[in-house]
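Starting from the known structure of chain Z, fit chain R onto it as the hints suggest.
These protein sequences, in sequence, are chains Z and R. The numbering used here numbers the first residue of the first sequence as 2 and each following residue consecutively. The numbering used here numbers the first residue of the second sequence as 41 and each following residue consecutively.
Treat the hints as calculated values from the structure; they're not laboratory data. Certain hints may be false.
Here are the simulated SDA-like cross-link-like pairs (lysine to any residue), alpha carbons at most 25 Å apart as the crow flies [said to hold, decoys possible]:
1. 109(Z) x 90(R)
2. 194(R) x 216(Z)
3. 10(Z) x 184(R)
4. 82(R) x 249(R)
5. 182(R) x 221(Z)
6. 193(R) x 221(Z)
7. 283(R) x 221(Z)
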Amino acid sequence: MSKKNKQPKTYFDKVHSWGRISTISALCVLLMFPMAICLYLGVFPEAEYVFKGLLKVIPLYWTVAVVEVIFYTPMLGAGGTYLSFVTGNIVNLKLPCAISAMQNAKVKATSEEGDVISTIAIATSAIVTTAVLAVGVIAFAPFLDTFTNSPLLMPAFKQVIPALFGALGAGYFVAHWKLSFAPILFMLLILVFVPTIGASTLIFPGIIASVLFAFIMYKVGFLDKKEKKAKK
Amino acid sequence: MFDNSSLGLYLIAGAVILFVLGQSLFFLIKAWKHGKEMGIDKKKLKNAVTSSALFTIPSALSVLATVIALAPALGLVIPWVRLSVIGNITYETVAATEAINAFGITTGITEAITDPEVYAGVAWVMTIGICFSLVVLPFVAKPLHKKFLEASKKAETEVAEEAPNEESAEAAPAKKKRSIAGFMDYVTPALFIGLIGAFVANSILGAGSQKNPAPLDGAGVLSVLTLGTAVIVSVVLELVSKKFKLTWLEPFVMPIGMIAGMVVAVVAYNVLPADIALLEWRG
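Chain Z on its own, in the form it takes in the complex (with noise of 0.2 Å):
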């Protein structure tokens, strides 16, 4: 009988250790945040109601909860994915973060070395939005909305995720350009069609025909020698 010998665990099998133990403590700890409420009011609220409003919500977010986390675990990395889908505000918060980090780095998103940069990146990106969102709800509550509704910086809050967006895709875009300018024609060309689809569901299609035009380029050989270079 041959026995197994036991391999020392891998910085990856470690985070994921520390992954899993921590994304059910969160989750006990987030399901103990209603109970605490209804234990310091002392109410119970109807159970009738809470399923008629969890009705409404559950088809559509566990679906995308799924979706998501088979979609963004490979780009956030795997420290950086626990901490993310914790943390939550993924796509307007943790993966610009990473990705930004990660092309300054100069590192690939599947190395060690990516997963460490990724991890620091949302790690910080976490801390400085818990602290951002406790600083304004704490101290300036009461100014906070003539802050963010003045006439004068409103707009600049409209405008945070095309503000985003190009910040980031500008370099990307430059780097990857073959891999770039099909996907893009493609989700314009769904918004033609279907201007209120709104881009957290064309994220979707996005990804899989971003995919899958790869896919065809590098098949003809239309990614070969430059963008290889480019490629992260």
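Just chain R now, kept in the frame of chain Z:
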């Protein structure tokens, strides 16, 4: 009527937020230590922190704006927790509205919730509605990540075997074997492009919300001006930092590009005639 901003509720929220903060700090320290063990240049690690912090602030302010948008109905405690743990801007507003509607209140998020039972019910709906990714993650993340890493490693090995040196690979591209494993190198960039492209395309041709229409929520003059400015400033700064070897500038390129885009949005909104500044071609 109950007090939705009592100290007790703030303390409950504070405990949840502290947990999240602790988790982020734990991963940051572990990754930093491992980075140093691997011999990654300390400057690279520091740059990741600097650029991420700068890149986060403007977006974090817009997350804060969502907390404020939900405050008239729910106070600050529930939105604060919901947007600090898992939450996201698009989900929370919809979930809160649906949860409030389920209790037979038709005013949505505009009127204060005065019944503590409804308040607690909304907290349950918003929490259970968003938590499913945390149920899936412990089962799926490891095998998925492992598969992806294996495929990438296989790709690297095969590419190395196919093209022992770049010259010979370039000399005979027609003869190159293009295996699925070799394609793995392009998967991550393609995924990123799909993601970034969706937001870029939506800023050019996307319509605003049909359910809750608001000014400047669709593609128009302002979104394209902002997008264009962010792209141009980032590209120019990137070129300048490369040409003059200004490595200190690199982590600031994207944050500066982003802030420049937002500044142009403010200037254009306040300078251009209203019918031009507010023009949204898809509604």
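Cross-check of the supplied hints:
| no. | hint | result |
| --- | --- | --- |
| 1 | 109(Z) x 90(R) | holds (19 Å) |
| 2 | 194(R) x 216(Z) | holds (17 Å) |
| 3 | 10(Z) x 184(R) | holds (18 Å) |
| 4 | 82(R) x 249(R) | violated (45 Å) |
| 5 | 182(R) x 221(Z) | violated (33 Å) |
| 6 | 193(R) x 221(Z) | holds (23 Å) |
| 7 | 283(R) x 221(Z) | violated (34 Å) |
The structure shown violates the earlier hints numbered 4, 5 and 7.
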